[in-house]
Amino acid sequence: MITSIFTYFLLLFLIHLFSNEFISLQASEFVSYSTNFTTCWEIERNALLKFKEGLQDPSGRLSSWVGNYCCTWSGVGCNRQTGHVTKLDLGMPPSSFNINDPKAFDFASLQGTISPSLLDLKYLHYLDLSWNNFEQTPIPNFIGSFTKLEYLNLSYASFSGLVPPHLGNLSNLRYLDLSSQSLDQDTLVSDLNWIRGLSSLELLRIKVANLSFASASWLQAINKLPSLMELDLSSCRLHDIPASLPILNFSSIQVIDLSQNDFNSPLPGWLFNISSLVELDLSSNGFSGQIPPSIQNLNNMRDLVLYENDLSGLLPISIGNLSSLETLFLSSNQLNGTIPETTGQLKKLIMLDLSSNNWGGVVSRIHFLHLNNMKVFLLSSVKEKPLVFDVGYDWIPPFSLNLIFIKNCQMNPKFPIWLQTQKELKIVELIEVGISGYVPDWFWKLSPQIEKLSLHNNKLCGELPRSLQFSHSSIDLSVNLFEGPIPLFSGVNMLGLKNNSLSGPIPANFVDAMLHLEFMDLSENYFNGSIPSSINKLEKLEVLLLQNNELSGKIPSMNRLKNLWTLDLSNNNLFGSIPSSLCSQSPLIHLKLNGNNFYGKLSSLQNCTNLGTLGLANNQFHRGIPRWIGETLSCLSILQLRGNMFRGKIPKSLCSLPLLHVLDLGQNNFSGSIPPCLGNLSSLYHSKNSTFVSAAVAAHALVANAVAAATTVATVVSTTVASGKKGAIVAATILEGFMPFLSGMRDMEFNVKGQTLEFVNIIDLVNLIDLSSNNLEGEIPEEITKLSALGTLNLSRNQLTGNIPKKIGDLKLVETLDLSVNHLSGPIPASISSMTLLSHLNLSYNDLSGQIPLANQFQTFNDPSIYEGNPKLCGAPLPINCNAPPDEPFGKDRDESCSERLWFYIGTASGFVVGFWVVCGTLVIKRSWRHAYFRFVEEMKDMIYIFIVVKAARLQKKLRPW
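Adding 39 to a residue's 1-based position in the sequence shown gives its number in our numbering.
Check each hint, because a few of them may be wrong.
Said to hold, decoys possible - Here are the simulated DSS-like cross-link-like pairs (lysine-lysine), alpha carbons at most 25 Å apart as the crow flies:
1. Lys484 to Lys414
2. Lys484 to Lys498
3. Lys424 to Lys498
4. Lys576 to Lys601
As the list claims (entries may be wrong) - Beta-carbon label-pair distances, calculated as ranges:
5. Ser184 to Ser256: 21 to 27 Å
6. Asn612 to Pro916: 43 to 49 Å
7. Lys851 to Pro697: 20 to 26 Å
8. Glu907 to Ser542: 44 to 50 Å
If you're looking for bench data, these hints aren't it; they were derived computationally from the structure. Remember, it's a predicted structure, so these values are computed and weren't measured experimentally. Note that beta-carbon positions come from the ideal geometry of N, C-alpha and C, so glycine has one too.
With the sequences and hints as input, model every part of the structure.
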């Protein structure tokens, strides 16, 4: 889920990043005007001035609106014969400001409300108020009174609320754009019937709006526009589209964009019968089924975008008939079979994206035979058996690429020598393609022009060049066999060398070569020595990953790293205390120091108020957990302190952490009882809420890195490959291959299901409480059963007593439950059988009694060791049979059994009474018998006494030394 949410918002970010490329307003097509008219009509001038009074203009865009000559005012156009105002162009092109800087937008935009005084502009043909800030006010109804309007652009102007149906009065309108900037600015269209009145409309663009209420009839309304040439209803929450359309009135349409809606239906075949189509974008809609053979009808098709659907089956051979095709995006579907060789006939093709499908077979040089114009090529398969990419070792491609992305395909083991012919490469990603051996020198000579390089997860070996010159590049060489010292790559802002065989110390001068580093991952190598103090010079550094090396010494000062928010030094030989300067300047969010020899107090972390992840496991910390952790670190979602020497009670302040979903305090010396307030951990209440909250908090790490990478990739793509939305999609696909590099900081290890498991990239879905191997006592608090989203509960190896809580079955999402090696007693609650997701259970070595439940999945727990050490337990899988089921009703058999026992007790008692009085009564009544009995007892006593004395004297005589 985290991945799909992330991909969606990343794509939106990239589209906005490219917006200055694809938003172009063609004013000259709609109206002829002149600014040379010497005067203007007073009523129209006063209308404009009153309109200006209702606006705020921080940047002074309307500073020229003074004097009598309104036709010369900025943004105002007049008819050169009559002097009437015919054009009001106050739109702000995105190229004039930084679209990702809210302050720059607020400064450059007009703000306020639209005055109805504009109604005096009765000859207005052109109205553009786009890219301004009208502060979430509705679109005014009176705009529907400008009956002469031919061009209306209100896009990205912070309007919200209901789109007035009065716009249907604009019968002369040829261009209408009501797009919103984000989902927060919810432009609502209750129905589209009013659109029928716009019989002259040629372009309709309503992007990022709420058309869900109009979803059932939107197409019928659009079908009444015979002149329509461009339709853009992307991101409009549409969910209905008919499978067929018998009568098509907009037969001259050239552009259709229905991307990012919620159709989730079979791909409508009628769309592929519109031969006039030049651009068709149906991406991110959940369309299913096969691409119809009628695709061959799209003779004029230039851009075909079917990205991110559920399309399956084969790609039709007739795809080769689309002789005008320049862009083909089919990524992130379920297409299978072999890629047709007819793709090699698409002579005008510039961008080809076939990534993330279920391709099989072989891709050969025939697939590229006539692709002389191709600049972008993306290919990957998600099948277990990889797609074979076999073009021969001596292949000379007909194209000259700017971007190549090949992932999870089987290439020739030798490094592809044909890349040597690609002189214009900017982005190279060859991920998991099976290449091995040394990287040739000619490839490294391309470094000055490379903006992004990923050779992730191959078998490349040898030493990396000691120094290379890049240009603001992202380099990922992780998961290979490279060895030798760390290279000095200048001009790199992201460097990934994870999981290689690099060794030696980290040199102090590496900082001077890579001053612009923002992301550095050197984890899982053999680096030794200390962390150089010069690392403090990397003032742009945001992420530093050095875990799983052989580093030693203390953590150097990092007080100048003002942007650092992820630091992982786990599993090294570092020691000493945590420096207090660590959070003095940086907004640290993720700190992992597990598996070292750190000691001392935790007070140095008291300033780390942004911490979301704190990992200090397997060190030498002692004393108690300070209360301020629960009071100050309000963003904490993961707290891992296991394997230390912490003592004292578990502080109740931890219960007030609203985002905490992982609490790992195992293998310490905590004492006292388990705080009942742990049942108040709100992030563990409901699975949906906890997953969303933890994912949202942790997504900061991934998104922040992705934005940095996106900016680099988007710049390259827009300048060398593609602009507009096409460039955004290419950049998103490229970044998908970069995700293993970016997400390495989200890995952690936990004890789950009786073993240590590493959670990679899904740590935000882990809901865990581990208090095992401590000295906790008392009962398991009933309140803990309220944590309905909990996935792992481990309370083993403590001194817990009492019964297992009766409502333990309320923990329905628990997969691991370990209560072993305690002093728990009583029966196993029947509700435990309601934990249907339970896959690992350990109740051994307690004092539990009664029958083991047999309902639901408990029948599969057939390992006796789960229950051993509980002599009072009975039932399968133990060899001890229960005498009677614990839930047996009081029936006839039960009554007969009780009756027999009653008569047995009565007979025994009466026999004892009779026997007692037969013997004792006789002695009481008959005197001679009584005297004889007591004489006999006295004589026996004397005989025993004499026997003992004689034997003792003889033994004493034998033991004398003389």
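Comparing the hints with the structure gives:
1. The straight-line distance between the Cα atoms of Lys484 and Lys414 is roughly 21 Å, inside the 25 Å bound, and the hint therefore holds.
2. Pair hint Lys484 plus Lys498 holds up; C-alpha atoms about 21 Å apart against a cutoff of 25 Å.
3. Proposed proximity of Lys424 and Lys498 is supported: the alpha carbons are some 18 Å apart, at most 25 Å.
4. Restraint check: the Cα-Cα separation between Lys576 and Lys601 comes to about 11 Å, which is no more than 25 Å; the hinted pair holds.
5. Taken as a hint, the range 21 to 27 Å holds for the pair Ser184 and Ser256, whose Cβ atoms sit roughly 26 Å apart.
6. The hinted range of 43 to 49 Å is satisfied by Asn612 and Pro916, whose Cβ atoms lie roughly 45 Å apart.
7. Taken as a hint, the range 20 to 26 Å holds for the pair Lys851 and Pro697, whose Cβ atoms sit roughly 22 Å apart.
8. With their beta carbons about 47 Å apart, Glu907 and Ser542 fall inside the hinted range of 44 to 50 Å.
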